[in-house]
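We have chain A; now place chains B and C onto it with these hints.
Chains A, B and C are the protein sequences, given in the same order.
The number in our numbering is simply the position in the first sequence, starting from 1, with 92 added.
The number in our numbering is simply the position in the second sequence, starting from 1, with 92 added.
The number in our numbering is simply the position in the third sequence, starting from 1, with 92 added.
Honestly, the hints are just simulated from the structure, not real lab data.
Careful, some of the hints might be misleading.
[What the hints assert, rightly or not] Okay, derived cross-link-like pairs now, SDA-like style, lysine to any residue, Cα gap no bigger than 20 Å in a straight line:
{"id": "1", "chain 1": "A", "residue 1": "LYS155", "chain 2": "C", "residue 2": "VAL485"}
{"id": "2", "chain 1": "A", "residue 1": "LYS414", "chain 2": "B", "residue 2": "TRP156"}
{"id": "3", "chain 1": "C", "residue 1": "LYS108", "chain 2": "B", "residue 2": "ALA99"}
{"id": "4", "chain 1": "B", "residue 1": "LYS278", "chain 2": "A", "residue 2": "ASN329"}
{"id": "5", "chain 1": "C", "residue 1": "LYS278", "chain 2": "B", "residue 2": "ASN167"}
{"id": "6", "chain 1": "A", "residue 1": "LYS130", "chain 2": "B", "residue 2": "VAL274"}
{"id": "7", "chain 1": "B", "residue 1": "LYS278", "chain 2": "A", "residue 2": "PHE122"}
[Stated by the list, open to error] Calculated Cβ distances over 12 Å to all of chain B for the following chain A residues:
{"id": "8", "residue": "PRO183"}
{"id": "9", "residue": "SER292"}
{"id": "10", "residue": "PHE411"}
{"id": "11", "residue": "PHE429"}
{"id": "12", "residue": "PHE471"}
Remember, predicted model here, so these are calculated numbers, not experimental data.
Where is the CB? At the ideal position from N, CA and C, for every residue including glycine.
The chain contents come next:
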Amino acid sequence: IGDRGIAWSSADGNYKLALRGYLQADFRTFFDGSTKTKNPGSNLTDSALIRRARLTLEGQLFKWADWRVSPDFANSQVQLFDAFIDAHYIPEAALQVGKMRVPMSLERYKTATNLDFVERGYPAQIAPNRDVGAMLHGQIGYPGYKPQYSIQPVFRDWISYEFGWFNGTGDNTPVGQSDVEVDQEKDLAARVFSHPFLKSGIEPLEGLGIGVAGTWGNPINQTLNKLISVGQQTIFNYGGSGTNTSSVLANGNAYRYYPQAYWYYGPFGLLGEYLWTNHAVLATSTSGNKSTSYETSMNNRAWNLEASYVLTGERDGFFGIKPQNNFDPLAGNWGAFVLAGRWTGLTLDAHAFEPFKGANGKNATLANPLTSVSGANTFTAALNWYLNPFMKVQTDYSNTWFTGGGGTKDENRRQEQAWFTRFQIAY
Amino acid sequence: IGDRGIAWSSADGNYKLALRGYLQADFRTFFDGSTKTKNPGSNLTDSALIRRARLTLEGQLFKWADWRVSPDFANSQVQLFDAFIDAHYIPEAALQVGKMRVPMSLERYKTATNLDFVERGYPAQIAPNRDVGAMLHGQIGYPGYKPQYSIQPVFRDWISYEFGWFNGTGDNTPVGQSDVEVDQEKDLAARVFSHPFLKSGIEPLEGLGIGVAGTWGNPINQTLNKLISVGQQTIFNYGGSGTNTSSVLANGNAYRYYPQAYWYYGPFGLLGEYLWTNHAVLATSTSGNKSTSYETSMNNRAWNLEASYVLTGERDGFFGIKPQNNFDPLAGNWGAFVLAGRWTGLTLDAHAFEPFKGANGKNATLANPLTSVSGANTFTAALNWYLNPFMKVQTDYSNTWFTGGGGTKDENRRQEQAWFTRFQIAY
Amino acid sequence: IGDRGIAWSSADGNYKLALRGYLQADFRTFFDGSTKTKNPGSNLTDSALIRRARLTLEGQLFKWADWRVSPDFANSQVQLFDAFIDAHYIPEAALQVGKMRVPMSLERYKTATNLDFVERGYPAQIAPNRDVGAMLHGQIGYPGYKPQYSIQPVFRDWISYEFGWFNGTGDNTPVGQSDVEVDQEKDLAARVFSHPFLKSGIEPLEGLGIGVAGTWGNPINQTLNKLISVGQQTIFNYGGSGTNTSSVLANGNAYRYYPQAYWYYGPFGLLGEYLWTNHAVLATSTSGNKSTSYETSMNNRAWNLEASYVLTGERDGFFGIKPQNNFDPLAGNWGAFVLAGRWTGLTLDAHAFEPFKGANGKNATLANPLTSVSGANTFTAALNWYLNPFMKVQTDYSNTWFTGGGGTKDENRRQEQAWFTRFQIAY
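Chain A with its partners taken away, still in its complex shape (with noise of 0.2 Å):
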């Protein structure tokens, strides 16, 4: 019983296995004055929920074989999140199979407990989550270093790789819904991570880290998620009411490239990541029997930039914070206090509402322009509190700008300000 929750171990170190899970309860406040308008975005509803219920076992078989079970029971439902098996008998060449985090975002390979912000930003909203299927990672440590295995998420070694051949999974596909594989083309995910300076002897560089992801895909007719903004609202929606379009497929070359980096230095830290996304798009608008179908593509970008600072004087790092003092105030420990503040903007592609003709001689578009934003840009500073290495209470406040989807042409969406707060347990 430990950091790593519950652990069991054998004597001979051959048999290991971990319970761990963890458990956050959100309270979300909008602030959206007395409009009582129908424009997009206003009257948000507050509410009290589970954000996530998980449950994770795991273990490590004769010292090379780790494997992951993580579901999650939020909202009543199921969601299977890692399911994977991790051979790595060679750690530069180690093989995982199953379902995965799909080698692409910084912000999404921050496990959530280890969030400094209440919800991710953009970047993990254009890009796949979870897929499975089989990749090819390792570790490279500095010359004169053996290196150091770690299971996924965590990469701490001086290069690592990670190179995976998947299913093919949408931008923001939920995690329940990308076990099934539904098409024949398969997707390759891949990144490279160094962090150059590590064990140079240059303390203030050592924690600095930078790589590059990528997809590479072709798939057939592959749904279209609906994209969320950081207040977790529906902002773009492909199809649907006001488009005269029935569907809208992402259908043909499809492509993601993200450039990343972090550096932790004493109580400082810095994340920031920026992804090109490219993917051939078939919408088809029909009117009784008959039908068009239209070809283009979207471009979409994302990005990144945080900042965070241990106001309580612990090392900050990628994996969180470990308070100096546990929650105690009789014995006047009040834990760790961790200030952070993050820019996360979205940018789509303006094809999303150039029209295109319809079927019934009408004009048709991707998305609806008075429902679904081109843009979003927000601004979030929040104040972590460690309470002990298993505890932390998050609150954090956005305010996101938004460019159109305001319900009426030329209009933005109603400006979002949405304080959240977080109460979590993980063990």
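For chains B and C alone, kept in the frame of chain A given last:
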């Protein structure tokens, strides 16, 4: 490993984790003669079923923070029952956040493993079950004694209070459907409960507990769920066939009051509670493009009166029996036996069947008087066999007399004669 | 911690609990040439998937009461596989209640972790899987030996019998759909199985087991499920497009018989079983307000014939192989390898395609002969690699020849050539 399932604890007691759960396999037989009529309540289907398959993970950190996650897998669906964190650094003012029991029915607070009857009575039907929110609660010790923290739903101290703020959920909302908030209005719920003679030295009265609970809310278009009998058959439904009503929703002021008490002394036990509930209702009748609406209120009542007696002499209690001797017939031990009887009743507001003018000019009602009852009285006799602290076999026979809902005008729904048997393992 | 997952036991052995589970990540490739035809069975989709993600909690109390709860989370859905209590105070007459395996197919009784082939053969398709009910079962020891209790599905003693009363469930009903009873009629199911030469001293025959199983029922309007090939493709469907039939239900007398045997001797293994099943069927054809119905019966058969040989010399067995040496190539150890071959077949009753007069005056059939096959023969060759007691990699190749169902009259469904590979961790 012990009475509370499998529990692990770190050497300093700072980390505790318990893995618990229970399984209930039920067998239901209905005695409804050879009638082949279509009278509601006839030809009920006998069945075997898994009633609950609950897994509970719970822990305690640093002696002041408890948490629990408790999904149920019966019927091959996930229902998240409990998912809360309870910070009780100050036992007199603890804060519990997440998904939890709403402080209401006493019989609802009895955990499903400790029920004297296979199914709960009607007060659980017209009250909320689980909801998401935050609750301030505390224990106040008898003068001169320290307060004793105990995790929900246990309250054993001199005075216990609970004051909660919840999303708000309707009567009898299935636990798997109360995770998501649907309206902006929140509910308040509170209870005060006391064991007034605890540690008073008046031994016969030490096991007496009395309290009162209530909820107050103002729901907006909240779903009104069907009600079921003790035999788990639908006996009342808002709207639907024969009502000329397209929707019936709780809309406006709603409250519930719940005086409650129990008394345990040696092998005897008594439990009683009475529930008043009142909620404003908005019914809509639609015909083509026209619709009329009708506002009224439903003033429903339900009660439980239970008595139990431990034949084998063990102490009876709100949280079950611990047999003196475990089942081992070769050694002459048979476990403990408890006899119990219950009268539970339900009276629904006559407004349910009062006609209003529908959109098509014809009469409309909230509920169909031919298929929905206006009242029910159920008498249950039960034998509980505790083989050991972990195993229980329960068998009970319930006879229910209904008012109305008999298929034709002024006829009563067929008497329900239900024989339920449960095999239970709880660890 | 050991071969049976993580197990805890109290000092006196009265309480035992084990946390077990397994994970299977499968990769499926179909060789169907470059045909772009719409012939059924063409253009099958290759995929990676999580086939099973099973969690099992099981325990034993006071040495005579076992229980198990076993949900599966594959495909982000919960399927409750086992949920039973087994009271075996008298090992010759134990009572098991809850959801359990129906005593039927031998290959179904092989746990999914011990299969020699990635997917089971056809006998599992036309028999029940899990059902809810009660089962009397027992072990009878060889004269002079005590009976050895073993939890389902293990039966290792001289004679084992099972006699169960179940809700009743149809052929191949998904496990997640057999929790709820749908009709008043119950099923009986029984099996007698013997290892006649166990402890007889005739060593080559000690591993011989023979038995017979059967079910008897009288379902009322029970759903008839589709049947799938070894390649997990739908090959037979009652009703639907092209049948002029609105519903096909099992209605009336239904039985199944199942002679079965296996023989293990040293590294060799053989397994065979043959299944006769007969059920009355009620088909309905509807046209506007008119409907005609048609009663017939389906007499279906299926069989398995399997042989296996452990290349590395370990003892073969019904419950898998334990490798002598665990995978550790640097030490020259590679684990155990098992070669296996199987012929499995299915023959469906010709009544499925016999026309009857539909409600519109045109012919109707139970199933569409252009898309549903009337028979299948599958030959599978498999290589199983046991890296250690917990890890297995399986790869097999199945070639299936179908009769009928080829899209046009008298044509056969396209040959199915399926290459399946599975990575498995079982603890």
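May I ask which of the numbered hints given earlier this structure violates, with the numbers listed in increasing order? Violated hint: only 4; rest satisfied.
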